[in-house]
Structures are given as structure tokens and as C-alpha cells.
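*Asks:* With the UniProt record's numbering applied, the sequence shown covers 1 to 890.
Heads up, a few of these hints could be off.
Said to hold, decoys possible - Derived lysine-lysine pairs resembling DSBU-like cross-links, with alpha carbons at most 30 Å apart:
| no. | residue 1 | residue 2 |
| --- | --- | --- |
| 1 | Lys192 | Lys176 |
| 2 | Lys465 | Lys493 |
| 3 | Lys876 | Lys788 |
| 4 | Lys224 | Lys189 |
| 5 | Lys578 | Lys233 |
| 6 | Lys133 | Lys116 |
| 7 | Lys114 | Lys92 |
| 8 | Lys790 | Lys780 |
| 9 | Lys465 | Lys653 |
| 10 | Lys586 | Lys501 |
| 11 | Lys493 | Lys446 |
| 12 | Lys501 | Lys528 |
| 13 | Lys192 | Lys224 |
| 14 | Lys224 | Lys169 |
| 15 | Lys653 | Lys486 |
| 16 | Lys653 | Lys884 |
| 17 | Lys586 | Lys653 |
| 18 | Lys233 | Lys350 |
| 19 | Lys60 | Lys169 |
| 20 | Lys571 | Lys528 |
| 21 | Lys200 | Lys169 |
| 22 | Lys493 | Lys707 |
| 23 | Lys499 | Lys707 |
| 24 | Lys114 | Lys60 |
| 25 | Lys293 | Lys200 |
| 26 | Lys350 | Lys200 |
| 27 | Lys133 | Lys169 |
| 28 | Lys281 | Lys493 |
What the hints assert, rightly or not - Ranges between beta-carbon positions, derived for each pair:
| no. | residue 1 | residue 2 | range |
| --- | --- | --- | --- |
| 29 | Glu703 | Lys446 | 55 to 65 Å |
| 30 | Ile873 | Gly797 | 23 to 33 Å |
| 31 | Lys493 | Thr558 | 35 to 45 Å |
Source of the hints: derived by calculation from the structure; they are not laboratory data.
Every value quoted in this text rests on a predicted model; they were computed, and no experiment measured them.
We put the beta carbon where it would ideally sit given N, CA and C, even for glycine.
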Amino acid sequence: MFINKHVLDPDSIKKRLSFSYRSFVQNRDVQKKYVPFLNLFLFVSLILFPFSVFPEAIQKISSFDTITSLDSGSQHHWEITTSPMDPVSFSKSYLEGKKNSTQFEIYNAPGVHKLKDESVQTVYIVKKFIAPKEWNAPSLSVRLGTINDKDRTYLNGTLIGATGNFDEKYPQAYDKIRVYSISNDLIRKGEKNIIVIQVKKFFDREVGIEQDRTEIGDTTLILKDLLRAEYIKTFLLMIYLTVGGYFLFLYVRRRSDRENLFYGLFTILFFLYQFLRNQIKYDLGIEFIYMKKVEYLILTILIPMFSNFVRVYFKYSRNLFLNVLDGSYATFAMFYLFSNNVIHYNLLNKHVVQYGWILYVGLISYYLVRRIAQKDRDALFILFGVLVVVVAGVLDTLGARNVIVFPRVVGYAFLFFILSIATILANKFVRLNEEVEELNEDLEKKVEQRTEELKLSLEQVNRLKIQQDADYFLTSLLINPLSSNKNTSEVVKTEFYTKQKKSFEFKGKTYEIGGDILISGNVELSGKRYVVFVNGDAMGKSIQGAGGALVMGTVFNTILTRSGISSQKDKSPERWLKEAFLELQKIFESFDGSMYISIVLGLVEESSGLLYYINAEHPWTVLYRDGIASYIEDELTLRKIGIPENEEHLTIKTFRMLPGDTIVIGSDGRDDLLIGKAEDRIINEDQDQFLRRVEEGYGDLREVYEKILKFGTLVDDFTLLKITYHPKTELPSTTNLPTTSFQETLDRGRNLLEKNRIKEGLETFEKALELYPKNETILKLLGRFYLKEKDYAKSIGYWEALLDRNADSSYYLYHASLCYKMLKVYQKAADLGERAFLQDPSFLRNLINLADIYRILNVLPRANELIERALRIDPKNGKAIQVKNSLGSA
């Protein structure tokens with residue numbers, strides 16, 4: 001750049017030289033005399049008056065009928081100044097030949113002018129030219145390239161065009177090519193003309209006609225040239241859009257080929273980016289800031305998208321480096337969404353995003369070089385295409401940074417690149433089709449061969465199925481007699497309902513097989529009749545579950561048969577259940593975890609309706625009374641039979657059935673129901689739904705089954721057991737409702753005992769007992785009194801009378817056991833204590849008493865086990881510590 005401070009016209013130059021060149025040449029004497037002085041004069045003139053001998057840098061245009069370039073060259077140039085001025089008055093002053101003090105610098109257009117003072121907002125760019133004297137073009141236009149940022153353009157002092165609002169803080173159109181039409185009467189034919197462009201910058205130190213080219217000429221030719229370039233770009237954009245849409249369609253049809261997704265998105269994004277670099281975008285009416293926002297955002301995610309395409313195409317997995325890099329670029333993209341500062345966009349893109357591309361290119365090259373080393377031709381072609389795009393990208397980046405003035409070529413490079421990648425993907429598809437065609441060449445023969453193989457396989461499968469069905473049939477023949485309702489009681493009725501999940505055909509008949517089993521029978525214990533029942537659900541489906549059911553049925557029927565043959569005279573229901581449970585536990589435990597079974601095993605006393613039962617991880621037992629269904633239990637105490645050390649948690653639960661009560665027990669098939677649509681696979685998780693089905697079916701098993709089918713679909717074996725209690729005569733009251741006189745008798749008896757008038761008090765209680773022989777209150781008073789008086793023989797009579805009507809009371813069992821211990825009938829005391837323990841394992845006084853009994857009987861392991869349990873409940877209990885010390889000294 002230089003400042004032309006001494007610009008003179010040609011006439012002044014002629015006056016300064018006082019002799020002509022021709023006369024100087026013709027006179028040799030003069031040459032000899034004046035040559036030294038002339039040389040000295042020229043040298044001094046060049047030093048003291050720089051540029052004064054050169055004509056003004058003004059372009060002479062020969063014709064407007066063609067397009068004439070106005071770009072700066074060696075013969076003419078543009079000028080620029082930061083000094084404030086009025087374009088109109090300046091133009092008129094120049095055209096009138098008046099002198100002007102405004103200082104100009106030579107400006108090479110197109111190109112970026114770097115401002116020394118960034119506070120300068122507006123500059124003025126001047127172009128002078130001499131118009132031809134005549135032309136035939138009906139209209140003229142001037143093309144001024146892309147101007148940063150807003151401009152007002154004047155020709156000979158008249159405004160011919162303007163772009164952007166000078167008062168707007170956001171950028172307006174710094175990448176828009178300006179084409180302004182010129183009225184013919186504005187041109188000074190054959191004379192000097194001047195173009196003055198008032199430019200308001202946007203970026204800090206950069207201003208001017210940055211890219212494209214400047215030219216003047218026939219409007220038709222200029223617009224044709226501009227539109228031809230834009231149409232070519234648009235044609236390329238349509239190719240990108242078509243290719244991208246095609247590969248996205250391929251991905252939709254085949255989701256496993258994720259490379260089609262990444263390549264399709266990459267191409268669509270590139271289409272949008274190139275469209276936003278096209279002049280057509282200004283016809284959409286969208287604000288410039290939003291178009292730039294989208295352009296920078298796409299530019300940020302374009303290269304990462306291609307990197308992921310290469311990774312997926314060559315089947316490389318993601319790593320930490322790529323995750324961090326992609327995450328960083330996603331953060332940059334979010335910045336563009338939430339910020340409207342284009343200067344920050346430009347800084348981020350120049351100093352971070354574009355340098356980050358180097359990492360992506362390195363990563364892509366790593367993928368491709370590894371594949372090339374494996375002699376993958378696709379990788380070689382992609383690498384070549386990448387190198388072409390990288391070179392074009394570098395040239396465009398240097399142009400965008402105003403390092404060089406070079407046409408944008410990345411669009412054309414990408415056309416080659418995108419079509420080459422599309423060809424590679426198409427070749428992959430063609431190779432697949434060729435393989436298919438190769439397979440189809442002898443398809444008929446292969447079909448016949450495969451049909452024969454399938455026929456043989458089908459015959460083999462049929463033979464195996466017949467054999468399997470025969471095995472199923474044999475197993476069902478073994479299970480059916482074992483799963484039977486052998487209860488003969490008229491008081492306690494039992495009903496079964498079974499629907500196994502697995503059904504099969506054998507010799508034209510349909511059978512079922514599964515792991516659920518139902519058994520009922522009768523047993524007599526200690527002179528009382530009981531109804532025995534069990535509902536089991538073996539682990540596994542079909543043949544595996546049937547195996548567990550077969551074992552269960554065999555063992556339990558053996559127990560029932562043995563109980564009917566051998567004497568059960570002195571055996572309590574708790575003891576019978578315990579022994580049955582332990583026998584089943586031992587059998588199933590021997591399978592070492594390959595076979596478990598959940599069960600509800602129980603006894604119902606016919607005379608009282610008292611239910612004793614064990615629940616080993618089976619669905620809870622339901623009571624149906626007065627039209628209302630409810631659970632009689634609310635906790636899980638035992639795991640499935642067969643799980644090691646299960647017997648340590650054995651608890652026998654009791655429940656007293658009233659006349660008309662119904663107990664319903666079922667396997668987990670009653671709850672594991674498929675609800676909603678089959679494809680959703682939603683399994684019922686509401687355990688209370690079964691209660692509602694029992695109520696809806698009024699306790700009838702068939703109706704309950706039908707209601708369950710309306711609620712959901714069975715997905716497991718399904719069995720139900722119904723127990724109803726209908727005694728022939730009404731049971732006497734356990735309390736014999738007292739009258740007022742009876743209560744007065746009790747109070748009088750208590751007062752007499754408190755006053756130590758023992759004989760009179762006991763006589764009073766005996767009279768009350770004659771009126772109410774089964775009254776629980778009197779029996780407890782007398783039992784406790786004689787126990788306190790240490791008359792254990794009399795006390796035991798009252799406790800046993802209470803047990804006749806309340807065998808499920810661990811409290812009564814404990815006191816009876818204590819009396820027998822004091823009477824030294826230790827075995828009887830131990831049996832009663834064990835019954836109390838089975839009903840309530842945490843009853844502290846019974847634990848201490850039972851441990852002491854076993855200490856006396858010298859059954860020390862059992863004694864130690866019980867006393868340790870007691871101390872875990874109450875570590876500071878004095879009686880427990882005393883028994884523990886006695887065991888230690890034994």
C-alpha cells in the first residue's frame with residue numbers, strides 16, 4: 001500500500017519537461033552535453049517527487065457490450081479511505097476537476113483491507129474509469145462481489161444500490177454478491193466516471209470487497225453469468241439431496257446398516273451447508289443471523305458425522321477419545337443454538353472448530369490406513385476422496401480467512417467425493433446382489449436338496465415327538481393316580497381344579513402334564529380325625545415340573561399310607577406335620593438344587609375346624625367367609641422345599657374355621673397372568689386380584705377359573721384346592737356367655753382367694769364350673785391357681801381341658817408342658833413344648849422351659865439350640881442364663 005500525494009495530469013507532466021524527446025535524439029551534440037545533467041535531473045526528480053511522473057491510475061473501458069473486469073491490476077486499481085466524506089459532493093467535486101484533500105490508499109479488490117484502527121466503522125472505496133463513447137447494451141449493471149458488510153453504492157454521485165441497514169447491530173449480508181443496475185444516462189460517455197462505495201464493517205479490522213469479482217457491462221450478460229453459476233451449484237445441491245435421501249431410505253428399510261444413516265445425514269447436512277452458501281438463500285426472506293447460525297452449526301457437526309460414517313462402515317467400535325471429541329463438538333453446536341454473536345461464531349470456528357478437524361482427519365486416516373493395510377480397496381478409494389476434499393477445504397479455508405483470493409472449490413470437490421462414496425456403497429450393494437444371484441444360479445437344485453433334508457429332519461422330529469409324547473403319557477399315567485382327592489370326611493370337604501399349561505396328544509387323545517399336584521386324605525391322630533391336604537408346585541415346566549410332582553406325590557402318598565397303617569395314637573398334629581415336612585425336605589434336598597417345590601401342607605381337625613398348615617413359599621391362603629375373600633397370612637416364613645437348612649425356619653400356623661367357612665389354596669398360576677395385548681408381555685403384579693376373582697366366583701372353583709380367564713391369560717400351571725367346613729351340629733361356645741350373676745360369682749371367688757380364704761374361694765369357682773363346665777375364664781383361673789400352689793396334678797387337668805377346645809394356643813401348651821415337667825413326666829412335657837414351639841418359635845418362656853426339659857432328658861444338642869434362641873431374643877434373661885449355666889456344667 002502507498003499514498004499518492006502528488007497526482008498530476010499528463011498536461012502538467014509535459015510542461016515540467018522543457019524539451020522534447022525527438023529533438024533530444026536528433027541532436028548528438030546536445031546529447032553529449034546534457035546527458036549527465038539529464039540523468040542527475042531524473043534521479044533527483046524520482047527521489048524528491050515520487051510518482052509525480054506517472055499518470056493517474058484510471059481504467060479506460062473500451063466497450064460496455066461485453067463484461068469488463070474492474071478488479072485491481074497492474075494498470076489500474078481501486079482506492080480506499082477511512083476519512084469521513086460525503087460520497088455525493090466528493091463525486092461531483094472530482095468530476096468537476098476540483099482538488100480534494102481526502103487521502104486515499106491503493107486497494108487491491110477483491111481482497112480484505114486490514115484496518116489499523118479498529119474503532120473505524122465506515123470506509124469509502126473508490127473506482128475511477130473512463131467510459132466508452134458508444135455502446136449498444138440496453139441496460140448496464142455493476143457487479144461488486146461480496147462486501148463486508150453493509151454498503152451504499154454511488155455512481156457519479158447518484159445512489160445506484162444499497163444493502164443492509166446501517167443502524168442494525170447484527171450482520172446483514174457480508175457474503176451476498178452485490179449486483180446493481182445503472183441507468184444509461186448516469187454514465188458520462190467518453191469521460192471520467194467514479195464509483196464510490198460507502199461500507200460499514202462488521203468484523204473488527206476487516207473491511208472491503210472480500211470475495212468474488214468486480215465487473216461492469218451489459219446487465220443481461222452479468223446476470224446470466226451470475227445465475228449460471230448459481231444454477232450449477234443448485235444442480236449439485238439436488239444431487240447431494242437425492243443421494244442423501246436415497247441412503248436414508250435404505251437405512252429406514254434396513255436398520256442394521258448404520259453406515260447408510262451416517263452417510264445420508266452427512267450428505268443432507270452438506271446439502272444444507274452449500275445451500276446456505278448460495279445466493280438463492282436471500283430469496284427466502286429469512287433473517288441473515290439465523291442463516292449464519294445454521295451454517296456454523298452444520299459446519300461444526302459435518303466432519304464428526306463423516307468420521308462416524310467411516311467408523312461404522314469399517315466396523316470400528318467407539319473409544320474414549322472419540323466420545324470426548326464428539327462431546328466437545330456437540331457442546332460447540334449448542335453454543336451456536338443459544339448465542340447470536342456472529343463474531344464469537346467466527347472466532348470459535350477459526351480457532352477451535354477448524355483446528356479440531358485435524359484430529360478428525362487423523363482419526364479417519366487411522367481407520368482408513370488400517371483397512372488399506374488389510375488390502376481393502378474401499379478404504380483406498382475413500383482415502384483418495386478425503387485427500388481431495390482436504391485440499392479443497394484448505395483452499396476454501398484460506399479464502400475464508402482472506403489469506404488468498406480463490407474461488408470456492410469445495411463444492412465441486414465434494415461432488416466428486418460424495419459420488420465416489422455413493423459408488424462404494426452401491427458397489428457393496430451390487431456385491432451382495434451378485435452373491436445372491438450366484439446362490440440363485442442353482443437354486444432349484446438347492447431347494448430340492450434342502451427340501452429333502454427338511455423332510456428327513458421333519459421325520460426325525462416327528463419320531464422324537466412321538467417318543468416325547470409317549471414319555472409325557474407315561475409320566476401322566478404315573479402322576480394321575482398320585483394326584484387324587486381321597487378325602488372321605490362328611491364334615492370337611494375338599495375339591496380340586498387343575499389346568500396344566502402343557503397339553504399333548506397321544507393316540508388321538510389330549511392329555512395334560514405339569515408340575516402342579518393336589519392330594520387329600522384322612523388320618524387319625526391322638527384319637528381325633530383330621531383331613532390331610534397338600535397343594536404343590538414343582539420347579540420347571542412340562543417334564544421337569546412333572547418329575548418334581550411325581551416325586552412329591554410318591555413320597556406324600558407313602559406318608560399317608562404309613563400313617564394309616566402304623567399307630568398314631570400319641571402323635572400330635574404339629575408333630576405329624578413336622579415329620580412329613582422333614583421327610584419331604586430330605587428327599588428334595590438330595591437333588592442338590594435341581595428340583596424344588598413350593599407347597600401348602602395342612603391338617604383340618606374335623607371336630608373343631610382347627611386348621612394346622614405349613615406354607616413353603618406358596619401363594620397365600622385365602623379365607624372366603626360371608627362373601628368376602630381375605631388372606632389368613634401376611635408373611636413368608638419358609639423357602640421352597642429342598643432348599644438347604646430350610647427346616648430351621650419351620651413354623652406351623654393355625655387358623656380356626658367357623659361353620660360355613662371356605663379355604664381356597666392355589667399355585668402361582670393363579671397370579672402369573674398375561675394382561676393386555678400379547679405382544680406387550682405385561683405380567684400381572686397385583687396379588688389382590690385373586691381375592692376379587694374368588695368373590696366374583698362365589699368360592700366356586702370353576703367360576704373362579706372362568707373369572708381369571710376374563711382377567712388375563714394363563715402362563716403357568718394352574719391348580720386350586722377348596723376346603724369347606726360344615727359340622728353336623730353347632731359347636732358349643734368356648735366361653736359359655738356369662739350372666740350377671742355368673743360374673744358376680746367370679747368376683748366373689750377372686751376376693752375370697754385374695755383374703756386367703758382358699759377353701760371358700762375354690763368352692764365358689766367349682767359351683768360356677770358346674771354351671772359352665774367349658775368356660776375358659778374359670779379353667780384358666782383354676783389352672784393358674786393350682787400351678788401357683790404347686791398342685792401340678794390338679795393344674796394339668798384344667799390346662800388339658802383348655803387344650804381340648806383350644807389346641808392352637810401356644811400359651812396353654814406351655815403351661816401344660818410346665819406341669820408335666822414338674823410331675824416329672826418329661827417326654828409328655830417335651831411333646832407339648834415342641835407343639836408350642838412349632839406354633840410360636842419366639843415364645844420365650846416356652847423356649848426356656850423346653851430347653852430345661854431336654855437338659856433333664858440329656859438331649860443336650862436340642863437343649864443348647866433352644867436356649868441359644870432364647871438368649872438371642874433376650875440376652876439378659878435370668879432364667880435363660882441359669883439354664884445355659886446348667887448346660888455348661890452338665
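*Asks:* Each hint needs a verdict: does it hold in this structure or not?
*Replies:* Hints, one by one, checked against the model:
1. Lys192 / Lys176: 29 Å, holds
2. Lys465 / Lys493: 40 Å, violated
3. Lys876 / Lys788: 25 Å, holds
4. Lys224 / Lys189: 25 Å, holds
5. Lys578 / Lys233: 91 Å, violated
6. Lys133 / Lys116: 41 Å, violated
7. Lys114 / Lys92: Holds, because 28 Å separates the two Cα atoms, which is no more than 30 Å.
8. Lys790 / Lys780: 15 Å, holds
9. Lys465 / Lys653: 45 Å, violated
10. Lys586 / Lys501: Holds, at roughly 28 Å.
11. Lys493 / Lys446: Between Lys493 and Lys446 the Cα gap is close to 66 Å, so the pair fails against 30 Å, i.e. violated.
12. Lys501 / Lys528: Answer violated: Lys501 to Lys528 is near 39 Å, above 30 Å.
13. Lys192 / Lys224: Measuring from Cα to Cα gives roughly 28 Å; hence the hint holds.
14. Lys224 / Lys169: Violated - the C-alpha atoms of Lys169 and Lys224 are around 34 Å apart, more than 30 Å.
15. Lys653 / Lys486: 24 Å, holds
16. Lys653 / Lys884: 29 Å, holds
17. Lys586 / Lys653: OK: Lys586 and Lys653 at ~21 Å, within 30 Å.
18. Lys233 / Lys350: Given that 30 Å is the threshold and the Cα spacing comes to 25 Å, the pair holds.
19. Lys60 / Lys169: 39 Å, violated
20. Lys571 / Lys528: Given pair Lys571, Lys528 holds - Cα atoms ~10 Å apart, limit 30 Å.
21. Lys200 / Lys169: Status holds; Cα separation ~11 Å.
22. Lys493 / Lys707: At roughly 23 Å apart (the allowed maximum being 30 Å), Lys707 and Lys493 satisfy the hint.
23. Lys499 / Lys707: Since the Cα atoms of Lys499 and Lys707 sit roughly 14 Å apart, the hinted pair holds (cutoff 30 Å).
24. Lys114 / Lys60: 28 Å, holds
25. Lys293 / Lys200: The given pair, whose Cα atoms are some 21 Å apart, holds under the 30 Å limit.
26. Lys350 / Lys200: This hinted pair holds, its Cα atoms lying about 23 Å apart.
27. Lys133 / Lys169: 44 Å, violated
28. Lys281 / Lys493: 89 Å, violated
29. Glu703 / Lys446: 55 to 65 Å: Hint holds: Cβ distance 57 Å, inside 55 to 65 Å.
30. Ile873 / Gly797: 23 to 33 Å: 31 Å, holds
31. Lys493 / Thr558: 35 to 45 Å: 25 Å, violated
Checked against the numbered hints given earlier, this structure breaks hints 2, 5, 6, 9, 11, 12, 14, 19, 27, 28, 31; the rest are met.
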